[in-house]
Amino acid sequence: MNMAVVTETLQLRLTPPVRYVLRWADTALIHAQRLAEWCGHGPVLEEDIALTNMALDLVGQARGLLTLAGQLEAQGRATPFDEDALAFWRDERDYLNLTLVEQPMRRSSAHSPGGDFADTVLRNLLLASWFKQGWKGLLTSSDAELAAVAAKALKEARYHQQHAADWVVRLGDGSDESQQRMRAALLRAWPYTAEMFVDDAVDTAAAASGLGPARSALRAAWLAEVGQVLDEATLALPADPQSVSTGTQGVHSEHMGFILAEMQSLQRRFPGGVW
Amino acid sequence: MSAVLAKANADAESATARAWAVLEQVPDPEVPVVSVCDLGIVRDVAVQGQGVAVVLTPTYSGCPATEVIAQSVHDALAGAGFDPVTVSTRRAPAWTTDWISDAGRRKLRAYGIAPPSGNAAVHDDGPRPIRIHARGVDCPRCGSSQTEKLSAFGSTACKALYRCLACREPFEYFKPI
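Residue numbers (this note's numbering), protein chains in the order written: chain U, 1 to 275; chain G, 1 to 177.
Honestly, the hints are just simulated from the structure, not real lab data.
Errors might be hidden in some of the hints.
Claimed, not checked - Computed Cβ-Cβ distance ranges for the label pairs, DEER-style:
(1) G:D11 with U:D200: 35 to 43 Å
(2) G:N9 with U:T204: 35 to 43 Å
(3) U:C39 with G:N9: 49 to 57 Å
(4) G:S155 with U:P241: 52 to 60 Å
(5) G:S144 with U:Q71: 28 to 36 Å
(6) G:R141 with U:D91: 26 to 34 Å
(7) U:R13 with G:D44: 50 to 58 Å
(8) U:M263 with G:G136: 37 to 45 Å
What the hints assert, rightly or not - A short, non-exhaustive set of chain U residues, derived as facing chain G with CB atoms under 10 Å:
(9) G40
(10) V44
(11) T52
(12) L58
(13) A147
(14) Q162
(15) G250
(16) S253
(17) E254
Quick reminder that beta carbons are idealized off the backbone N, C-alpha and C, glycines included.
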């Protein structure tokens, strides 16, 4: 399909189904963008490759979902916005990812003060476990394309989760230093997990129409799996978060603008540029 | 059946066989020792008149070879005289390593990549936070079963890194998915 080259911020009709699909797509995409910051900086070569492999899977998943979101958004209009238009020409408020994925996860990148490898492996565990439950729920989506993306992504999420669990146990139940860092990372990430399981009108509509599961439906299985790993890692489960972050509503943390600036600047400077 | 119809059917059959034969020669860009057919990513070949429509299923969501493979399939068939050639992508059912042919598995092993061990059916589930790999992976060089996983992720999305404890050689493992 030939797409017109987009040169300005998209004006989108963000209906509940479009929002629902964008949440999955954007969470995968921004998590991938953060993981890609490790490229060339991994603590060992194998891990550098692993983190960027996972980023690649997530980008692939996001591509399928963004294409679908564009088609859902275009109903009644001849030309849908494609995956690139949606990735590069949406502003911050139209990005609907979990706030967790925006947070810094690596030290010494220019716009990511704080965070270290412990944050990375911990976040990978929390997110891969969440995605895994999400993809499972989406296998029976009323949208065949969404179900197809989920069926593929589920297999990938299992590998991501297994890999992250290995690291969380190794570092959590490791040296005093590694355990202290894993504890700190867990306390940093945990407040953002509330957003993974809080329903709003978009979730309710998706669950009612059969498009996909509401976020609240993912919690029990997620907590069972994450709890099992944390237990093995000798890391205590933190208390329930007291507030809910709002990335899925389009209201982001201070880190989001920097991520988008880095991700989008080339396409905005050279619209339609390819290599 | 009339003679004309029978001939048309026979022509289509032989053209379909010819298209498959062309595809058998299209290598995977990352692992050129196996063809796209060996990998099981060619899901359908439909000849219509002079043209052919091919359906491919990508291996991994983010596999960067997907576009290259579609282009090579297109070029190979066009080069063999099919016109028009259309290549489309089908996501469901998702690709599995169970679709790699026996010939493909033999070729992978001979090339130094251990083929997927057993089938990909997943006994779900939950993370297993123990660093033991449940499946035996034999070294593709010396055949020893004394091997260990170095990393679940290798030089391409589809492979893991292993090391043989007998011959000490590192090798790649095409992981079941």
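Hints, verified against the model:
1. G:D11 with U:D200: 35 to 43 Å: Violated, since D11 of chain G and D200 of chain U (Cβ atoms, about 59 Å apart) do not stay within the stated range.
2. G:N9 with U:T204: 35 to 43 Å: 54 Å, violated
3. U:C39 with G:N9: 49 to 57 Å: The hint (49 to 57 Å, Cβ to Cβ) holds, given that C39 of chain U and N9 of chain G are roughly 54 Å apart.
4. G:S155 with U:P241: 52 to 60 Å: Taking Cβ atoms as reference, S155 of chain G and P241 of chain U lie about 40 Å apart, which means the hint is violated.
5. G:S144 with U:Q71: 28 to 36 Å: Check failed, 51 Å falls outside 28 to 36 Å.
6. G:R141 with U:D91: 26 to 34 Å: 54 Å, violated
7. U:R13 with G:D44: 50 to 58 Å: 36 Å, violated
8. U:M263 with G:G136: 37 to 45 Å: 42 Å, holds
9. G40: 15 Å, violated
10. V44: Status holds, d = 9 Å.
11. T52: 8 Å, holds
12. L58: Constraint on L58 of chain U satisfied, holds at 7 Å.
13. A147: 7 Å, holds
14. Q162: 6 Å, holds
15. G250: At about 25 Å, which exceeds the 10 Å cut-off, the nearest Cβ of chain G leaves the hint on G250 of chain U violated.
16. S253: With a closest approach of 26 Å, the S253 of chain U hint is violated.
17. E254: Check failed: Cβ of E254 of chain U comes no nearer than 29 Å to chain G, outside 10 Å.
This entry does not satisfy hints 1, 2, 4, 5, 6, 7, 9, 15, 16 and 17, going by the numbered hints stated previously.
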